[in-house]
Amino acid sequence: MEVAIFVIFALLALASAVVVVAHRNPVYSTISLVVTLVSLAVFFILLGAPFIAALQILIYTGAILVLFLFVIMLLNVSEEATHPESGRRIQRWLAILGAVTFALLLGLGVWNGYRGTDFAPMSEELVSLKSLASALFSEYLLPFEIVGLLLLVAIIAATVLARKPPREEGSTP
Amino acid sequence: MTVPVTWYLLLAAALFAIGTAGVLTRRNGITIFLSIELMLNAVNLSFVAYSRLLDQLTGQLVVFFVLAVAAAEAAVGLALFIAIYRHRRTIDINRMNLMRW
Amino acid sequence: MSPELFHFTATAVKLAVFAFLLVNVVPLMVWVERRASAFMQDRPGPNRLGPLGLLQAIADALKFLLKEDVTPSGADKGMYLLAPVLALIPALTTFVVVPFGPTVRFGENEVELVVTSAETGVLLFLALASLGVYSLVMAGYASNNKYSLLGSIRASAQLISYELALTLSVLAVLIPASSFQLNDIVFYQLDHMPLGMNILPQFLGFTVFLVAAFAETNRLPFDLPEAESELVAGYHTEYSAMRFATFFMAEYMAMTVLSALLVTLYFGGWSLPWWHGNPDSPWLTAVGGLTILFAKVGFVLFFFVWVRWTYPRFRYDQLMKLGWKVLLPLSLANLILIAVLTLAGVLPAP
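Residue numbers (my numbering), protein chains in the order written: chain A, 1 to 173; chain B, 1 to 101; chain C, 1 to 350.
Everything labelled a hint here was simulated from the structure, so no lab data went into it. Do not take every clue at face value.
[Unchecked claim] Quick list of in silico lysine-lysine cross-link-like pairs, BS3-like style, CA-CA up to 27 Å:
no. : chain 1 : residue 1 : chain 2 : residue 2
1   : C       : Lys77     : C       : Lys63
2   : A       : Lys164    : C       : Lys146
3   : C       : Lys321    : C       : Lys146
4   : C       : Lys146    : C       : Lys77
5   : C       : Lys14     : C       : Lys67
6   : C       : Lys321    : A       : Lys164
7   : C       : Lys77     : C       : Lys67
8   : A       : Lys164    : C       : Lys325
Build out the structure end to end from the sequences listed, making use of the hints.
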């Protein structure tokens, strides 16, 4: 049962990831990324992290990708031309080759390292929210506060960067 | 039969590679951004898989922070794109070559 | 039968019952909306079909099924067809965490009267509800129509703005109860709160939640994105017949599930102050819990209809100002207040 769920959602995640990267229309890329992220949320649940799964859907698909869609529609991003300019075609193929080689190297490393390992049965502290919350607020309190500060900085930066440029002196308001 | 850990890690590696190919290949700035988000999520998956393997919460907590950082980065990056678009009317990265040789 | 098979069957039955009830709420709400609005406007309303006009919903359904299905010429086919289907997702997936009773015993098996008792209960609800933005965005973008696009951008901005206030006011309810699961919240209310309801200490949170719920379901006074006099019909302008009916159904179902959440968080959910369910009589508890829950939900839905036909709608800038400058600070203040009260011991521990 778990294997069936994994295989279905893994194929879905891979297919939609390819669509994200390959599709001309950025709106379709964003929607495919939503599908990928929801499949990843399913994997998080399978791996005993239900809180992270809910956060992934709430934050990533519910907020960040909506932001992407807004910006795409605001900027009226058109479809990209499929044929790259001359001289760039070889670059594109080299990039894909490089990515495939990278994947193979990573896969080889993973395979060698963890070939026979199996998961131990899920322990209670892994899944419970209490332990996650207590770790977050005791051992990881400093990163937590820093992340809060980071988000504040990001809000201010985004507001300043995206607002209309201030008018010069002397022009009518 | 349960799913062995290699499957999760290989899936994460594949997603990361697909994201890398996207970053290197596309011209549209927003799609490059989406590929970066894909890479971040592949890393999240491997963190959670390791957290489960080693039976520690550290992986999940790192994912928590990665989510927050990705949100901040997406907000600032998209604001940058809006600002760039206002001046250059395009987000084709090949056109952003003012600092090239 | 084996425990796994029993658990599986029980979950399937719970899902079927809830889905059936949710889908049947829609024609009922159509009838209530039209008759109640007519009553408030001093006119009879539909009264030709069936006694009291009860068969009007069937006539409406037939009309939707038989109408011609028009697709605009420049529409993005894939997204245009997908958007109404996606609209159903927040409506049909979020009810899984709403409980309708305590844990009952069937012989030697125990059944929890909630479809899933995942530890991240309400968080799952909020996460799945946040997916509703996509159908709006896709519908407006794919329609190849400027009014649809404007309507969908307004609607999605409204939705994500009020989601924050909603989430924070829900958080304030979770803090004293120390649990994300809705059944724990119901029992906390029964054990510690006067009249078994959370409304008294959480009154500010309740107000914020109510206003945010109106905004989340695009109901008046927040229905600018779909107002007739504004943008034709906003993001669902180009949708006719069955596709429009799908949006329509999705809106009513989302209203029902959000009302169920409101009732469970603030009004004691499936329980009454003197009746806490009886684990040893499973069928009575299940049916009783469902009836009480849906009776309370019915009150809230009538309130939705009542407000719709009473208030004028907000202008868009007023709407955004309300969401960000009024509701968000209020919900944050509520959160801090409840946290301080819990720490000080005024609100009892669960």
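Self-check item: Pair hint Lys77(C) and Lys63(C), alpha-carbon separation not exceeding 27 Å
Solution: Roughly 24 Å separates the two Cα atoms, so the pair holds.
Practice problem: Starting from Lys77(C), check that the Cα of Lys67(C) is at most 27 Å away, please. | Solution: Cα-Cα ~20 Å, so holds.
Exercise. Would you check the hint for Lys14(C) and Lys67(C), treating anything up to 27 Å between C-alpha atoms as holding?
Key: With a Cα-Cα distance of about 34 Å, the restraint between Lys14(C) and Lys67(C) is violated, given a limit of 27 Å.
Self-check item: Given pair status - Lys325(C), Lys164(A), alpha carbons within 27 Å
Solution: 21 Å, holds
Quiz item: Hey, Lys146(C) versus Lys77(C), does the alpha-carbon distance stay inside 27 Å?
Solution: At roughly 17 Å apart (the allowed maximum being 27 Å), Lys77(C) and Lys146(C) satisfy the hint.
Quiz item: Taking only the CA atoms, is the gap from Lys321(C) to Lys164(A) under or equal to 27 Å?
Solution: Holds. Lys321(C) to Lys164(A) sits at ~19 Å (cutoff 27 Å).
Practice problem: Measure nothing beyond the straight line between the CA atoms of Lys321(C) and Lys146(C); if it is 27 Å or shorter, mark the hint as holding. | Solution: 24 Å, holds
Quiz item: Can the restraint linking Lys164(A) and Lys146(C) be considered satisfied, given a maximum Cα separation of 27 Å?
Solution: 23 Å, holds
Hint check: a violation occurs at hint 5 only; the rest are consistent with the structure.
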